[in-house]
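Trainee: Here are the chains, one letter per residue:
Protein chains: 2
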Amino acid sequence: MTEFTRRAVVTGAAAVTAAAIAQPPISRPARAATPPVGKQAPSFYRHKVGDYELTQISDGARTIPMPEGFVRNVPREQALAAAEAAYMPKGQVTIPFNPVVVNTGLKLVLIDTGFPPGTSPTTGLFQANLAAAGIDAKAIDIVVLSHLHPDHINGVRTAEGGLAFPNAEIKAPAPDWAFWMSDENMSKAANDMMKGYFANTRKVLSDIAGKVTRYEWGQEVAPGITALDASGHTPGHTAFAVASGSARMLVQSDVTNIPELFLRNPDWHVAFDIDPNKAMATRRKFYDMAAAEKALIAGFHFAFPSLGHVEKDGAGYRLVPIAWKAVF
Amino acid sequence: MTEFTRRAVVTGAAAVTAAAIAQPPISRPARAATPPVGKQAPSFYRHKVGDYELTQISDGARTIPMPEGFVRNVPREQALAAAEAAYMPKGQVTIPFNPVVVNTGLKLVLIDTGFPPGTSPTTGLFQANLAAAGIDAKAIDIVVLSHLHPDHINGVRTAEGGLAFPNAEIKAPAPDWAFWMSDENMSKAANDMMKGYFANTRKVLSDIAGKVTRYEWGQEVAPGITALDASGHTPGHTAFAVASGSARMLVQSDVTNIPELFLRNPDWHVAFDIDPNKAMATRRKFYDMAAAEKALIAGFHFAFPSLGHVEKDGAGYRLVPIAWKAVF
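Keeping their order, the protein sequence lines are chains A and B.
Numbering of the first sequence is given in the numbering used here, commencing with residue 1062 and proceeding in unit increments.
Numbering of the second sequence is given in the numbering used here, commencing with residue 1062 and proceeding in unit increments.
The hints are simulated quantities; they were obtained by calculation from the structure and are not laboratory data.
Do not rely on the hints blindly, as some may be mistaken.
Remember, identical chains collapse to one label, so a pair may be satisfied in a single copy or spanning two.
[Said to hold, decoys possible] Below are the SDA-like pairs computed for lysine to any residue, each with C-alpha atoms no more than 25 Å apart in a straight line: (1) Lys-1100 to Ala-1193; (2) Lys-1168 to Asp-1290; (3) Lys-1373 to Ala-1146; (4) Lys-1168 to Pro-1227; (5) Lys-1151 to His-1370; (6) Lys-1264 to Met-1254; (7) Lys-1264 to Asp-1202; (8) Lys-1100 to Asp-1197; (9) Lys-1272 to Arg-1345; (10) Lys-1168 to Thr-1095; (11) Lys-1151 to Glu-1354; (12) Lys-1168 to Val-1098; (13) Lys-1109 to Ala-1189; (14) Lys-1373 to Ala-1147; (15) Lys-1199 to Pro-1097; (16) Lys-1151 to Gln-1139; (17) Lys-1264 to Ala-1251; (18) Lys-1355 to Met-1341; (19) Lys-1168 to Pro-1096; (20) Lys-1264 to Ala-1332.
From a predicted model like this one, the values you see are computed outputs, not experimental measurements.
Chain A extracted, bound-state conformation (with noise of 0.2 Å):
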């Protein structure tokens, strides 16, 4: 290279160069430095499924200092160093949270909900994000849970408790609302979580349950999107195929939490799975099928745009998170 430079200066290209650089600085008029945006981008991602369009939407995310018996059945030391492998602070356990819009050309479906507006600062963003994305609520005509947890149901409810997706029929799986549902399971709620999430159920839905129709496995929820039995994680916890003519995605709901820690390792047990061997067989039986068939999985608590392959990968598995594209 300096032999580049050296020859350069005897050449007639290297005479003009040199005269530009002896140019005095070019004026310019003096300007206020720019301030900072300080606004991230709209959090969507628009993709297609055969003549289908998807659109990611993230509701955020939330970092939290790992609670104790995160991973039930691994040290916290373990699970931590799973966490900071992936980059989250040290410390820290980061879960985001990304709702799916498919619109199947007849149906506009939206599969789980995210949080209503403010829970959080980081999370309640999906409202923002789905008008971002061109969506407007009231069109919504369908809306699948997938479970009766609260990062998937809460947001079918407003801020001031009102009906987000207001012509929207709710569906959730029929296993999983007679679960949570039932006073005797709630009477023996084992711990201060479970009873959470049973008051949580009953505060969200129990006044529109005229309103929420229950599906069975095996049922397509819309048009070309049908109901798979995923439990373990809850009673009625569900997956979704969504397919449209030879093109098929699986949406994996909370087949795993966050996939740096229990897709690599699906053996462990996340504090949220109702029956963790269940919900263990679930994943590895759901994984080795995806990984059997390279399908695209949208994973509710994968990183946004929350889209990947699954690989096998040692005696765990892997996500390859899909390349962008800027161009829909």
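Chain B: place on chain A using the hints.
Mentor: Same frame as chain A, but now just chain B:
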């Protein structure tokens, strides 16, 4: 789960449930199916390095049949297998382009430019995404070019050939300027690709040579942004360290082309490397440093938002993309 369901049937809560199921379908006003939106999200991403506000901005990506000799020193089948393993379309390769804007508080600095609007249906998106990010092209104070390849410099021009950043000083690495502006070097161009590069450099920069300042490695090209020798890809190819307070990010420019091939396999020679052995040595040195300090890296050819951490992995490296934060 069947057990839960059976139990629930005999409880009061389940009676409510059954009643709800028995209700007639809710009547809703008939609405036309919602048309698809058909538009991608604006593709920018905001983050902070110390006090600096950074914006990663997609210019788009090009997906093309993988050219013969794209990887010079491995069989085409092997290179194609690596692309396919990264879920690129069969037989093809996708190359994204991602400039970055740094607002240091004193100066608004653009590092590399992408292409002018309209260059192709999937590139030339920089200006639109810059505007979507709330940044005025006229407010850019400094355009720093990492090297003089078309995807890094052509965007200094508008589609009509004017100046895309009319108030900006343009800074080019002195060794690259000397190399590409040398008529002697141009006369020795060994193939059409190189001939095209020499012609393009002149077309884009010759008549604005007076606006172009040459910089040397080790210098600050803007407050807190230091030019680092990353030669090999081109004689003057430059990476950057962006430092604010104790925070530091590396802008790798083209230390690798697409990471799926060349970061995984640092000894592979991409067709665009002028001195492939030097480029390879630079690559290893750069990533060993980045891995050791767990540095955040911005990569011009990483998938948007083009940020990640690099780790040693066997004989090569792996890229761990950052987790998107929906709140700035």
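Trainee: The structure should be examined with respect to each hint, and the outcome stated for every one.
Mentor: Consistency of the hints with the structure:
For a Cα distance limit of 25 Å, the shortest separation of Lys-1100 from Ala-1193 qualifies both inside one copy, at 14 Å, and across copies, at 11 Å. With identical chains, the CA atoms of Lys-1168 and Asp-1290 are at most 25 Å apart within one copy only, with a shortest distance of 23 Å there and 55 Å across copies. In this assembly of identical chains, Lys-1373 and Ala-1146 lie within 25 Å of each other by CA distance both inside one copy and across copies; the values are 19 Å within and 13 Å between. In this homomeric assembly, Lys-1168 and Pro-1227 come within 25 Å of each other (Cα to Cα) only inside a single copy, at 15 Å, whereas the closest approach across copies is 48 Å.
For the identical chains of this complex, Lys-1151 and His-1370 are inter-copy neighbours only, at 16 Å across copies versus 27 Å inside a copy, given an alpha-carbon limit of 25 Å. When the C-alpha separation of Lys-1264 and Met-1254 is checked against a cutoff of 25 Å, the pair qualifies only within one copy, where the shortest distance is 15 Å, while the shortest distance between copies is 66 Å. Proximity of Lys-1264 and Asp-1202 under a CA criterion of 25 Å is satisfied intra-copy only: 23 Å inside one chain copy versus 54 Å between copies. Taking the closest pair of Cα atoms, Lys-1100 and Asp-1197 come within 25 Å of each other both inside a single copy (22 Å) and across two copies (15 Å).
For the homomeric pair Lys-1272 and Arg-1345, neither the shortest alpha-carbon distance inside one copy (35 Å) nor that between copies (60 Å) is at most 25 Å. In the homo-oligomer, the alpha carbons of Lys-1168 and Thr-1095 lie at most 25 Å apart only across protomers (7 Å), although the nearest pairing inside one protomer, at 45 Å, exceeds that limit. For a Cα distance limit of 25 Å, the shortest separation of Lys-1151 from Glu-1354 across copies, 16 Å, qualifies, whereas the shortest one inside one copy, 36 Å, does not. In this assembly of identical chains, Lys-1168 and Val-1098 lie within 25 Å of each other by CA distance solely across copies; the values are 14 Å between and 37 Å within a copy.
With identical chains, the CA atoms of Lys-1109 and Ala-1189 are at most 25 Å apart both within one copy (22 Å) and between copies (22 Å). Taking the shortest alpha-carbon separations for Lys-1373 and Ala-1147, both the intra-copy value of 18 Å and the inter-copy value of 14 Å come in at or below 25 Å. For the homomeric pair Lys-1199 and Pro-1097, the shortest alpha-carbon distance between copies (15 Å) is at most 25 Å, but the shortest distance inside one copy (35 Å) is not. Taking the shortest alpha-carbon separations for Lys-1151 and Gln-1139, only the intra-copy value of 13 Å comes in at or below 25 Å, while the best inter-copy value is 39 Å.
Taking the shortest Cα distances, Lys-1264 and Ala-1251 sit within 25 Å of each other inside one copy (19 Å), while across copies they are farther apart (73 Å). Taking the shortest alpha-carbon separations for Lys-1355 and Met-1341, only the intra-copy value of 20 Å comes in at or below 25 Å, while the best inter-copy value is 32 Å. Only between protomers do Lys-1168 and Pro-1096 lie at most 25 Å apart by alpha-carbon distance; the minimum there is 10 Å, versus 44 Å within a single protomer. In this assembly of identical chains, Lys-1264 and Ala-1332 lie within 25 Å of each other by CA distance solely inside one copy; the values are 22 Å within and 62 Å between copies.
When the structure is compared with the earlier hints, a violation turns up for hint 9 alone.
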